[in-house]
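As they're listed, the protein sequences go chains A and B. Take 345 as the starting number for the first sequence in my numbering and just add one per residue. Take 56 as the starting number for the second sequence in my numbering and just add one per residue.
Careful, some of the hints might be misleading.
To be verified - To spell it out: a stretch of chain A is covered by chain B in this simulated footprint if at least three of its residues, at any positions, have a beta carbon under 8 angstroms from a beta carbon of chain B; those stretches are: (1) 468-475; (2) 501-512; (3) 545-553.
What the hints assert, rightly or not - With a Cα cut of at most 25 angstroms, we get these calculated SDA-like pairs of lysine to any residue: (4) B/K247 to A/I504; (5) B/K418 to B/E370; (6) B/K418 to A/T399; (7) B/K242 to A/L464; (8) B/K107 to A/T399.
Bear in mind the hints are in silico, worked out from the structure with no lab data behind them. In this text the structure is predicted, and so the values were computed from the model without any measurement. Backbone N, C-alpha and C fix where the C-beta goes; we use that ideal spot for every residue, glycine too.
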Amino acid sequence: MSQALQQLINGLTLGAIYGLIAIGYTMVYGIIGMINFAHGDIYMVSAFIAVTCFTLLASGGISSVVASIAITLIVSIVLTSVFGWTVERVGYRPLRGSNRLAPLISSIGISIFLQNMVQLTQGARVKSIPPLVTGGVNLFAGEGLHGGPYVSYVQLLIVIVTIVLMSGFTLFINKTPFGRQQRACEQDQRMMQFLGYNVDRIIALTFMIGAALAAVAGVMVTIYYGVIDFSIGFQAGIKAFTAAVLGGIGSIPGAMLGGLIIGLIEAFWAAYLSPEYKDVATFVILIIVLMFRPSGLLGRPEVEKV
Amino acid sequence: MNGRKGLIGMGAVLSMGGLALACSAAADASVLVGVAGPMTGEYASGGDQFRKGAEQAVKDINASGGVLGQQLDLIVGDDVCDPKQAVSVANSFVNQKVAFVDGHWCSSSTLPASDVYNDAQIPQVTVSTNPKITERGIKGIFRITGRDDQQGQVAADYIAANFKGKKIAVIDDKTAYGGGLADEIAKDLAAKQTPVVLRESITAGEKDYSGLISKLKANGVQILAYGGYYQEVALILRQAAQAGLNLTVLGGDTLTNNELVTAAGPEIDKVLFTFPPDPRKSAAAAKVVATFRAQKIEPEGYMLYSYAAMQVFAEAAKKANSTDYAAIVKQLHNGSFNTVVGQVDFDAKGDLKSPGYVVYRWKGNNYDYVK
């Protein structure tokens, strides 16, 4: 029982991170009907920005953990959004209206470029920061030698930040003028153009928002695991992409739900069965869901894009 | 240069079978040797040690007159510890007609690459520890370190003697090296009637090991015997600390890597590992160690072993008076070589006759024999 609770906590933390990255995939798909394969690497870049920032802050003498997390979050979000914007500007906009496969290939190209750029400039070695947030709370204290379920403060931080961010983001998409434009763009880009909206700008902003959410995930992962390298984007990208597909690609609540489900499957499978085959479990469940709901758990049936 | 020696060198290269190369080799009179390991990728710091050792050895050998009057020319192959890449590095070495290969580093790279070298008749000295490497009847492969079964035995002995009554888990990362080592440890622990509460495998390269951690926690594990590389050890230790689990890790030779110190942070003091006796401590290595330190390079881990592999080749070529495969291999099997890691003798399989493993413990930035 105590182990189940522990895994629930671990799975929620992991799921929160997957969910944050998955939103980037699903938003871009929603608006231009394309998978942005460079998104996982955008997340990787944000983790490197975070490590650099944390290291600079620590050597600059800022010892307050809250301040350094806040500053790093802001720096990472801003810089990573710039990367997101660049990906759209370089890899997608010139190819809009061309063959459907062209932007797909160019996003793979950008993904390879980003990985190699980081590998060459930052080195192939792992980067790490000393543990920033330590300690935690033992639920039901005094449950014998091995202790009950244990929530570390980092896990609490990740879950809380994710909940706040996702609720804020949902409000943003549903209630603000930009959110409305973004949703309208998903439905009919040409009509938006006729109505005098700058569609290029809306699409660019969508990429930037996706990147900003990935940046938060990057910072959280840096605090949580403390060790990163240039290749982390691939695996996280695949998992988050799976989460987006599971939840129904194009659907934002679907991405959050998908991330959560994958995090929980991985945590429980690793604890009760074998950590060896947890990826197999994830993908088997994805296949089963897609067999019965081809557009994912919360996805709408495919609408033909113009 | 001496005409007779040049002729011998030319004869040697000719007998290797490349006429075109013979002309070019006679022109610049050099012997091509290769060093292969993970120069980029996850395990790049291991490859880096390996390359630096080989480079310095080639420099020193050339400074003292080279091999059979010819200078050594070093080419570097990057296998990223990927078996497929290792084969293509091996093929490219074969095409360039190297006379000797120092490498590879990962067992999973050495295994497929050695088949290529065997077909092309190129002698090879490796530091990979998977027992299978020298068990396949390949004549031209030699191992300048011990084997995982020896390493595993030392680790198991240490656990049985020092951690009596504690709960022990054996975990590996499913690689040829990690899995091989963990299997040996588990086997030897069983032989010593030391119970193991958990035997699992994880996937290397992941970031989240919380599933494993809570399993360890639920089983009350205090001692983790681990077969694998240092990144995962760092992550497991950090995540264990976050989950409030006090864990001591005992691993293999790959945990000498000083990147583990940065990656594991304050948890580093909980890491023990087995490694051959530290060659830096021996008198034979004093001069070379000083050369490295003068360049601000700490000759840790595999650096001196890679250096020694080159020395072994140079000495064998000298004794054989040839860089021909059959002559060198014969010398390697029979001769005894003085290197920076001490005297090296190979048995019929190509393993060291007297390998030794010692248990070390990390303390801050340094490791030392465990008391």
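#### Entry: Contradicted hints - numbers only
Hints 2, 3, 4, 5, 7, 8 not satisfied by this model.
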